[in-house]
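Q: Build the complex: two chains, separate frames, hints provided.
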Amino acid sequence: MNCHEASAMIAAYADGEVDGLRGHTIRRHLHLCRDCATKHRDLVDLRARIRAEVPRFKAPAALRERILASVESTRPAVKAMPARVDRWRWVSAGALAGCAATVVAWVVATAVLDWRTNEDLAVEAVTTHVRATLGNHRVDVASSDQHTVKPWLSARLDYSPPVRDFASEGFALVGGRIDYLDHHPVATLVYRYRDHMIDVFVRPPPTHALPAPLRTVRGFNVVHAVGSGMDWLAVSDLNAAELSRFVDKLKE
Amino acid sequence: MSIDRRFEKLILPHLDAAYNLARWLSRDAHDAEDVVQDACVRALKYLGSLHGDDARAWFLTIVRHAFYDWLGRNRPAEIVQDDGAALELAVDHAGATPEQAALRSDQTRALAEAMTALPLQYREVLVLRELEDLSYKEIARVADIPIGTVMSRLARARALLQRSPSLHAVAGNVSGSER
Numbered sequence: 000m001n002c003h004e005a006s007a008m009i010a011a012y013a014d015g016e017v018d019g020l021r022g023h024t025i026r027r028h029l030h031l032c033r034d035c036a037t038k039h040r041d042l043v044d045l046r047a048r049i050r051a052e053v054p055r056f057k058a059p060a061a062l063r064e065r066i067l068a069s070v071e072s073t074r075p076a077v078k079a080m081p082a083r084v085d086r087w088r089w090v091s092a093g094a095l096a097g098c099a100a101t102v103v104a105w106v107v108a109t110a111v112l113d114w115r116t117n118e119d120l121a122v123e124a125v126t127t128h129v130r131a132t133l134g135n136h137r138v139d140v141a142s143s144d145q146h147t148v149k150p151w152l153s154a155r156l157d158y159s160p161p162v163r164d165f166a167s168e169g170f171a172l173v174g175g176r177i178d179y180l181d182h183h184p185v186a187t188l189v190y191r192y193r194d195h196m197i198d199v200f201v202r203p204p205p206t207h208a209l210p211a212p213l214r215t216v217r218g219f220n221v222v223h224a225v226g227s228g229m230d231w232l233a234v235s236d237l238n239a240a241e242l243s244r245f246v247d248k249l250k251e
Numbered sequence: 000m001s002i003d004r005r006f007e008k009l010i011l012p013h014l015d016a017a018y019n020l021a022r023w024l025s026r027d028a029h030d031a032e033d034v035v036q037d038a039c040v041r042a043l044k045y046l047g048s049l050h051g052d053d054a055r056a057w058f059l060t061i062v063r064h065a066f067y068d069w070l071g072r073n074r075p076a077e078i079v080q081d082d083g084a085a086l087e088l089a090v091d092h093a094g095a096t097p098e099q100a101a102l103r104s105d106q107t108r109a110l111a112e113a114m115t116a117l118p119l120q121y122r123e124v125l126v127l128r129e130l131e132d133l134s135y136k137e138i139a140r141v142a143d144i145p146i147g148t149v150m151s152r153l154a155r156a157r158a159l160l161q162r163s164p165s166l167h168a169v170a171g172n173v174s175g176s177e178r
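Each protein sequence line maps, in turn, to chains A and B.
Sequential numbering of the first sequence, starting at 0, is according to numbering that gives the first Met the number 0.
Sequential numbering of the second sequence, starting at 0, is according to numbering that gives the first Met the number 0.
Chain B extracted, bound-state conformation (with noise of 0.2 Å):
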């Protein structure tokens, strides 16, 4: 089979995963398709190293990198390293500023803003896991990281959003059990 006969087969159906992970990294509908088509063109230079069935988690692990390219390029600043510390403050931060207690009154919107502020490494095994549905496996090697800190992060991740003061109907009986 052609390069473009299989990209058609094996990689388009996998578009809407891909422009998903991307808008949720990027947070941005443009920058998403930025990132998407920049990941189809890799992936179309690299389709021959694409052996077994498991595309779609072949395909987002391009889509990831494309997207942390692009960050590097666009917004270095955003790239923070796994530090549980820096990362804590980050979210308690954003969770403070005007824009999130404003949405707040906006209950159907609560969830989704408290999931688009968390820190990126938590909001993308939180993406892959629930929109995407990937089995822990999956997340492990997209995100190229071990079983155990897809565990820890999804542990935090879930943690942090029933703690989020947008979101108080989940975080009423949690926050004080939590640690």
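Okay, chain A solo, but in the shape it has when bound (with noise of 0.2 Å):
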């Protein structure tokens, strides 16, 4: 090993991520050269200053009681709310119509929060869409064999998304992409539909969002369904007829 071999390899040494055999040659290179090993002391040393100086901050009780309590808070929401309604019968009419309000207050505001959740899904989703369009990365994976589209996104995902070509019915497997979408990496679809291009989003059903069917975002359909025990997202300038036909498929 030389040092320019080494000095790649230094940092990634002293942080621990290198063993056996490289570690071994790493070792031996450090006790034959000075310079190396005033580098690979240099690290050493500054993150065991890091360690003893620079302070790691603790989360303060007040946050924690307050998280613990916003969190508790949304145990009893749902539930307990008609039960008291029941035992409490002789609660006076003016109490009862309180909880109602606070109810009605409630699911409102959670049809309103879904509903803006499903909104920034379908932008999200549109906006991907658009980007692997114009950037020319349709694909990260090429192939229209399901058995090659699969494994590949299985192996960099928690999850295997269910992979079927449908060219007899001219939806022809391009292939398959990782994306962004709601926080967490998903599986990318892609679909040619005579001229159009259709991403499809495939993921496990998040616990918050109630599906809306369709929408339409700045001139692209948004089709969302819920099947197979998946969540699909299928994006494409497709008329909206055709695109929620090809996701009943996907989903079944």
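No lab work stands behind these hints: they were computed from the structure.
C-beta: ideal position from N, C-alpha, C; glycine also.
Any given hint could turn out to be false.
Just so you have them, the derived chain A footprint on chain B, three or more residues with Cβ under 8 Å [what the hints assert, rightly or not]:
no., segment
1, 8-18
2, 31-40
3, 144-158
Listed next, with one range per pair, are the computed distances between beta-carbon atoms [as the list claims (entries may be wrong)]:
no., chain 1, residue 1, chain 2, residue 2, range
4, A, M0, B, E7, 46 to 54 Å
5, B, I2, A, R40, 44 to 52 Å
6, B, D132, A, K248, 43 to 51 Å
7, B, P145, A, R21, 14 to 22 Å
8, B, E7, A, G15, 26 to 34 Å
9, B, N73, A, A239, 32 to 40 Å
10, B, R5, A, G15, 30 to 38 Å
11, A, M0, B, S151, 19 to 27 Å
12, A, R130, B, S151, 22 to 30 Å
13, A, R40, B, S1, 50 to 58 Å
14, A, P204, B, S134, 26 to 34 Å
A: This is how it looks when you write it as structure tokens:
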């Protein structure tokens, strides 16, 4: 090993990221080479100083309590309300109305939040679709073979999306890529239907949003559905009816 | 297990890590609390998608997202593109401010201040590595960059620290050989 090779690995070695034979080779080089040994020692010193002198901040107790309280409050909000109405029949009509108003407000607020989430998700999906099209980076793995695309995606995600080709019905599998949607890496299946490109984002169903089945964002149709244990979000300039028909096939 | 029980079991143990990251990224105690609170709301919402056991890296990823969203809303000018030359300029500039010079006298705080002055992209990998003890792989996941980029940013961050004027003790014999 020469100094050039060693210098590329000294930091990784100091970070404990090099082991086995390569670790042994570096150790030997450090014994023989003064310059590299100095670099290594400086790094080790710096790391030790950071650990000794730089504070690791602890979450303030008040923050912890606030977060705990907000988590607790999500628990009884749904279930306890009707039970309480049932049990405390003698509660005055005014109080009942108050409870009802709270429930209504909660339902409305939740609906608005879900609607916002869906709207944001649709916009994000369309932006991702447009970026892929403009950047000419449509696929990370180009293949019409589902047995190539699926393992490629599975190897890079913590779930395994169903991948099928529908070429016989006009929807030809072009390939797949990994995108970042809704703060998570997501499998994107790319299909072609005549001249239309279709991006299908496949992920495990998130717990929050109720799918808004169809929207249009900047002229692109966005179809959202849940089926086969997955959440399907298709974006294309293909007309809404055809796109919905396709998503129905996908989620079967 | 209900969502709130899962939250208490999987996420809450990493609250200090979350706060530390948010605090180092935002460089402000109050802002860090806002970021962590937002991150907890998101974590609660997406908890269903947490599979496997790496809850810490998962949660830190969310904290980082919450921070960048917060940054975009509050200090958009700080989101600098990852441009080596621009960043180097930013550091040299930061090193020359009177505040920095004044801090030099306070030896015990010198290193922390130098780290605070690092550009965001370098600060975050360094905090994840040195204070949160994440592996290269975990940092790559949290910061959403390839491992090669993790390594080059770490190297850059450390070189900048070693060269920092507020850190003579460490910088002394390194600054010459580092380029």
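Q: Now, for every hint given, state plainly whether the structure supports it.
A: Evaluated hints:
Coverage of a stretch by a chain is defined here by at least three residues with a beta carbon nearer than 8 Å to that chain's beta carbons; for the segment 8-18 of chain B and chain A the count is 5, and the condition holds. Counting residues of the segment 31-40 of chain B whose CB lies closer than 8 Å to any CB of chain A gives 6, which reaches the minimum of 3, so the coverage claim holds. Counting residues of the segment 144-158 of chain B whose CB lies closer than 8 Å to any CB of chain A gives 4, which reaches the minimum of 3, so the coverage claim holds. Separated by about 49 Å at the C-beta atoms, M0/A and E7/B satisfy the suggested range of 46 to 54 Å.
Under the hint 44 to 52 Å, the C-beta atoms of I2/B and R40/A, about 49 Å apart, fit the expected range. A hinted range of 43 to 51 Å holds for the C-beta pair D132/B and K248/A, which are about 47 Å apart. A hinted range of 14 to 22 Å holds for the C-beta pair P145/B and R21/A, which are about 20 Å apart. The beta-carbon spacing between E7/B and G15/A, approximately 32 Å, falls within the hinted interval of 26 to 34 Å.
In this structure the supplied range 32 to 40 Å holds for N73/B paired with A239/A, their Cβ-Cβ distance being about 38 Å. Range check, R5/B to G15/A: about 31 Å between beta-carbon atoms, so the 30 to 38 Å window is met. The hinted window of 19 to 27 Å between M0/A and S151/B holds, with their beta carbons roughly 20 Å apart. Under the hint 22 to 30 Å, the C-beta atoms of R130/A and S151/B, about 25 Å apart, fit the expected range.
At about 52 Å, the beta-carbon gap between R40/A and S1/B stays in the expected band of 50 to 58 Å. At about 30 Å, the beta-carbon gap between P204/A and S134/B stays in the expected band of 26 to 34 Å.
When held up to the earlier numbered hints, the structure conflicts with none and fits them all.
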